[in-house]
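> Listed below are the residues making up each chain.
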Amino acid sequence: MAIQNNRHAQQMIYAKYAPKMLGVCRQYTKDLQLAEDLMITAFMKVFTHLKNFEHKGSFEGWVRRIIVNECISAFRAQKKVSFLEDEYYKEDGFNNIESNLSVDDIQFLIDNLPEGYKMIFNLFAVEGYKHQEIATMLGITESTSKSQLHHARKMLQEQVLKLKNYTNGTE
Amino acid sequence: MGQNKMEKEFRIKLNQREIAPTPNAWDRLDAMLTIAEEKKPKRDFGWLYIAASVVGFLFVGAIYLSQTEEIVDLKRNEVVLQNQKHSEITPTATKEKSALTQDSQSIASVSNGNIQTTQSSSKIKINQNSPIHVITQTKKEEFLAATQTSGRQKAAESISNTIINQKTEQLTTAKVDELLANAEPVQNSGTAKPSVKVDSKSLLSQVDGELNLSFREKMLRKINKNYQEVAEAVSTRNIEQ
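From first to last, the protein sequence lines are chains A and B. For what it's worth, the working numbering labels the leading residue of the first sequence as 6, then goes sequentially. For what it's worth, the working numbering labels the leading residue of the second sequence as 5, then goes sequentially.
Among the clues, some could well be false.
[Claimed, not checked] A few chain A residues that face chain B, going by a derived Cβ cut-off under 7 Å, partial list only:
id, residue
1, N10
2, K21
3, Y22
4, P24
5, G28
6, E41
7, I45
8, F48
9, M49
10, E103
11, V108
12, A130
[To be verified] Listed below are the simulated PhoX-like cross-link pairs for lysine-lysine, each with C-alpha atoms no more than 20 Å apart in a straight line:
id, chain 1, residue 1, chain 2, residue 2
13, B, K12, A, K135
14, B, K9, A, K169
15, A, K25, B, K17
16, A, K169, A, K135
Just so you know, the hints here were simulated from the structure itself, not pulled from any lab data. Please read these numbers as outputs of a predicted model, since none were measured by experiment. Quick reminder that beta carbons are idealized off the backbone N, C-alpha and C, glycines included.
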């Protein structure tokens, strides 16, 4: 029915997936209004290309990919994201610690990352893309993606430790 | 470079997070969808214009083809009319030919008996050859045929009279002179006043038709003309002998 532009069916789909998808958009930008704009634009693409959904995976996964691609293309079009061609990265250099932070605190830490770090961290750690896929999506080399992730992890770990110490009252 | 515990924790918590969009978000999306749906029919109109133009071209092509067919039909009709004209002309031509052959035969038959009559006939044929170059060859032939028939009929009558006189009387040179004197005025009177009326329209139509003569018809006319010249030469040779 939604394929046939039934507005009620489309509204039901929107109501079901919009809150989660707005959360995805929020990962990429601090501006909630901008995140909502990105989400609406992505939902437009969802409804106009609904007939192309091949029912191979979950519908939510398909919508999520459209949302992520919309966020990436929007930021790349605005040239807000720059990736340093740094090939320095270290395998398994981080302590396997749990932050036990709330989702708002996690989002706060991610928001403080540089745009390039933030995007690659979101794609790799949250969305589960591989470095090769990220390199193809962003038009960068695989090693650049790895080095950007390395720097993002390092910054986040430092921030988590600082936040833990702050909440524990040691700082 | 796999995910560590912290990243897994981030992933789970962020994927479970939900942020409620503003109430007017759906209205904005609804408006955008409506605009997109309104744009779609324009594409259909585009195809409609293309289809209409194709139909228009086909219509114009059909009209053009129908016109060409009419032209072809007209040509066919013209051909049929020409054939009809030729068929109308040919009987008259054959009649003329038959009249000429009859004349030549009678002249040939008479020439053996009487030299003077053949001379008169040769004079007639000289008149035949008298050029009327202003008109076309066919027109000339028809005109000559008309004059010949009247003159020859009278000549034939005089010749027949002479044949009868031959049988009844012995020819003398004096009588021959008399016969010549009698025959010549008859010829002059025949040529001077042609009794046959010439229809100018029919002649013009025939001339127009003959302008478009085929190669075969031209050749037949030439052969006929040559045959007549040969026949004339043979007849004159017989006279000389």
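> Go through the numbered hints given earlier and state which of them the structure violates, listing their numbers in rising order.
Numbers 2, 3 and 16, in rising order.
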